[in-house]
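Protein sequences appear in the order of chains X and F.
Sequential numbering from 13 applies to the first sequence in the working numbering.
Sequential numbering from 227 applies to the second sequence in the working numbering.
Just so you know, the hints here were simulated from the structure itself, not pulled from any lab data.
Beta carbons are placed, not taken as given, at the ideal position from N, Cα and C, and that holds for glycine.
To be clear about the criterion: a stretch of chain F counts as covered by chain X if any three or more of its residues have a C-beta under 8 Å from a C-beta of chain X, and this derived list gives those stretches: (1) 296-304; (2) 313-325; (3) 344-354.
Take a look at the letters that make up each chain.
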Amino acid sequence: MDKKSRIVEVCLLAGKIMLESGAETYRVEDTMNRIAAAFGVLTSHSFVTPTGIIFSTSETDKTNLIRISNRSTDLEKVVLVNSISRKISSGELSLADARKQLKEIDRADLAYPIWIQILAAALASGCFTIMFLGSWVDFVPACVTGGLGFAFFIFIHQIVRIKFFAEFIASFIIGIIAYAFIAIGSGEELEKIVIGSVMPLVPGLLITNAVRDLIAGHLMSGLAKGAEAFLTAFAIGTGIAVVLSIF
Amino acid sequence: MLSHLITSFVASSTFGIIFNVPKKSLLNCGLVGMIGWMFYIVLFTEGVDAVYATLAASFAVAIISHILAKVYKNPVIIYSIVGIIPLVPGGTAYDAMRNFVENDYSTALPLAARAFMISGAIAFGLVLSEVLNQLVIRRKTQMRYKS
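All chains, please: the whole structure from these sequences, using the hints.
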C-alpha cells in the first residue's frame with residue numbers, strides 16, 4: 013500500500029466509527045478532512061449520509077466508499093475519535109499509531125453493562141414522571157414500567173434487527189404494565205406513568221442531530237435523520253395507542 | 227421546586243448512561259439538563275407560554291453546552307443532547323395520540339400542532355446558540371488578524 017491509500021484508510025476508519033456512534037454529519041466530514049490535511053492531503057472531499065461515506069483525496073483520484081449498516085449511540089467513542097483527530101492535527105500521532113488506536117476503538121465495547129443501562133432507564137422514567145408534575149405515588153410504578161420497557165426494547169432489538177418493531181413492542185408492553193399498575197391500585201395517573209416510562213425510548217438524539225445537520229447545510233442527512241426520528245416517535249405512539257384502544 | 231431540581235439532575239445523568247457518555251462528563255450532563263429544566267419550569271409556572279419557555283430553555287442548554295465543550299475540549303453533542311431530553315414534548319404528543327385513537331380529531335389536532343411547535347422551539351433554540359457561537363468565533367479570529 014502506498015502512503016495515500018493508508019491515509020484514506022485511517023480517514024475512513026475514523027469516519028466510520030464516528031458515524032456508527034451517533035456523531036453529527038458535519039463533525040464526521042470535518043474530522044475526515046482534518047485528518048487528511050494533517051497528513052498532507054489538502055484537497056480531500058467527503059460526503060457523509062447516515063447510511064454511507066464517500067471520500068476522495070482529490071477530484072481526479074479514485075473515490076472510496078464505506079457502507080454503514082448499523083448505527084447506535086455511543087458518545088464515548090465520539091469523544092475518543094475526536095481527541096485522536098486533535099492529536100493528529102497537532103502532529104502528536106503518526107499514521108501507523110493513529111491506525112492502531114482507531115482499530116482498538118473500533119473493536120472495543122465501551123458501553124455500560126446492560127443491567128446498569130436498564131437501572132438508569134428505570135430511574136430516569138421515575139424522575140420524568142415527577143418532572144411532568146406527577147405525584148410521588150407514581151414514582152415506583154414508573155420506575156418499574158420504564159425499566160421493564162427498556163429491557164424488553166434491548167432484548168427484542170437483539171432478536172429482531174428492526175428498530176421500529178422493537179420500539180413498538182416495548183411501548184406496547186409499557187402501556188400494558190402501566191395499565192396493570194392502575195388496575196391493582198398502586199398507581200394514580202395512567203398518563204403520567206406512561207409519559208415517564210417512554211422517555212428512554214424517545215428519539216432525542218436523532219432530533220438534535222437532524223436539526224444541527226440541517227443548519228450546517230447537510231440537507232440529505234438532516235432529512236433522513238428527521239424521518240428516522242419521526243418513525244421512532246410514530247412507533248412509540250402506535251404501541252401506546254394500541255393499548256389504549258384495547259382497554 | 228426542590229424535587230424538580232433533584233429529579234431533573236438524576237434524569238439527565240441517567241440519560242447520559244443510556245447514551246454512553248464518558249463517566250467524567252456524567253455530572254456535567256446532569257447539570258446542563260437541570261439548568262435547562264429549571265429555566266423551563268420557572269418560566270412555565272410564572273405563566274409564560276410553553277412554546278416560549280421551551281425556546282428559552284433550549285437556548286440556555288445550548289449556550290451552556292458550548293461553554294462546557296470549550297472548557298473540557300469535548301464535542302458539543304454530549305452535553306446538548308442530554309440537556310434537551312426533558313424539553314421534548316412527550317406529554318403533549320401522548321395526549322394528541324390518545325385523542326386520535328379515541329376518534330376525537332378536533333381535540334387531537336391542536337395538541338399535535340402544539341407538540342410540533344414545541345419541537346420547533348427546541349430546534350430554534352439550538353439554531354440561535356449555534357449562530358451566536360459562530361459570530362463569537364468569527365469576531366475572535368478577526369481580532370486576531372487585526373492585532
